[in-house]
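Given only the sequences and the hints, what does the whole structure look like? Please build it.
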Amino acid sequence: VILPFPDGVVRSGSKVGSQYKALPASTNEAYCPTLRGFAPKTELPDGVNCVLEIVIDGLDLKAVEDSTRLGMQAAARGGIKQISAGNYGGNLGKFHIHLHSLLK
Numbered sequence: 010v011i012l013p014f015p016d017g018v019v020r021s022g023s024k025v026g027s028q029y030k031a032l033p034a035s036t037n038e039a040y041c042p043t044l045r046g047f048a049p050k051t052e053l054p055d056g057v058n059c060v061l062e063i064v065i066d067g068l069d070l071k072a073v074e075d076s077t078r079l080g081m082q083a084a085a086r087g088g089i090k091q092i093s094a095g096n097y098g099g100n101l102g103k104f105h106i107h108l109h110s111l112l113k
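Under this note's numbering, the sequence shown has 42 at position 33, and the numbering climbs by one with no breaks.
You may find that some hints are simply not true.
Calculated cross-link-like contacts (lysine-lysine; reagent style DSS-like; alpha-carbon spacing at most 30 Å) [claimed, not checked]:
| id | residue 1 | residue 2 |
| --- | --- | --- |
| 1 | 30 | 50 |
| 2 | 50 | 71 |
| 3 | 90 | 30 |
| 4 | 24 | 113 |
Restraint ranges, calculated between C-beta atoms of paired labels, are given here [to be verified]:
| id | residue 1 | residue 2 | range |
| --- | --- | --- | --- |
| 5 | 98 | 78 | 33 to 39 Å |
| 6 | 50 | 100 | 18 to 24 Å |
| 7 | 42 | 71 | 18 to 24 Å |
| 8 | 85 | 16 | 16 to 22 Å |
| 9 | 85 | 47 | 29 to 35 Å |
The hints are simulated quantities; they were obtained by calculation from the structure and are not laboratory data.
Where a beta carbon is used, it is the ideal one built from N, C-alpha and C, also for glycine.
Written out as structure tokens, the structure is:
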């Protein structure tokens, strides 16, 4: 399993696609706290001023599920408001991991 971004974290959420053809991904303005006043819609609850996205790549589904479970358990400490996941319509892979099922 690897976290392919620098330090393993992407600041603010991303989305597949962009208004520019050369960019395969861009900032998801609905999950970007600094764009809250400019975006047509925000998905951020009140009091959330930081969004971190962790991208996990692995050789098989079990490795990614195990890493995701451990990451959620490590992150679910004081100050964390919400943990969620995106599948991006299957554009980034065929697996859709349901977070609640990982914690059972």
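Right, here's what the structure says about each hint:
A hinted pair counts as satisfied when its Cα atoms are at most 30 Å apart, and residue 30 with residue 50 qualifies at roughly 24 Å. Of the supplied pair hints, the one linking residue 50 and residue 71 is violated, its CA atoms being roughly 35 Å apart against a limit of 30 Å. Pair hint residue 90 plus residue 30 does not hold up; C-alpha atoms about 34 Å apart against a cutoff of 30 Å. Between residue 24 and residue 113 the CA atoms are separated by roughly 29 Å; this keeps the pair inside 30 Å, and the hint holds.
A C-beta distance of roughly 24 Å is found between residue 98 and residue 78, which places it outside the suggested range of 33 to 39 Å. Hint check: residue 50 to residue 100, Cβ distance near 21 Å, so the stated range 18 to 24 Å holds. In this structure, residue 42 and residue 71 break the distance hint of 18 to 24 Å, their C-beta atoms being roughly 34 Å apart. A hinted range of 16 to 22 Å for the beta carbons of residue 85 and residue 16 is consistent with their spacing of about 20 Å.
Look at residue 85 against residue 47: about 31 Å separates their beta carbons, and that is inside 29 to 35 Å.
Violation of the numbered hints given earlier is confined to hints 2, 3, 5, 7; the remaining hints are satisfied by the structure.
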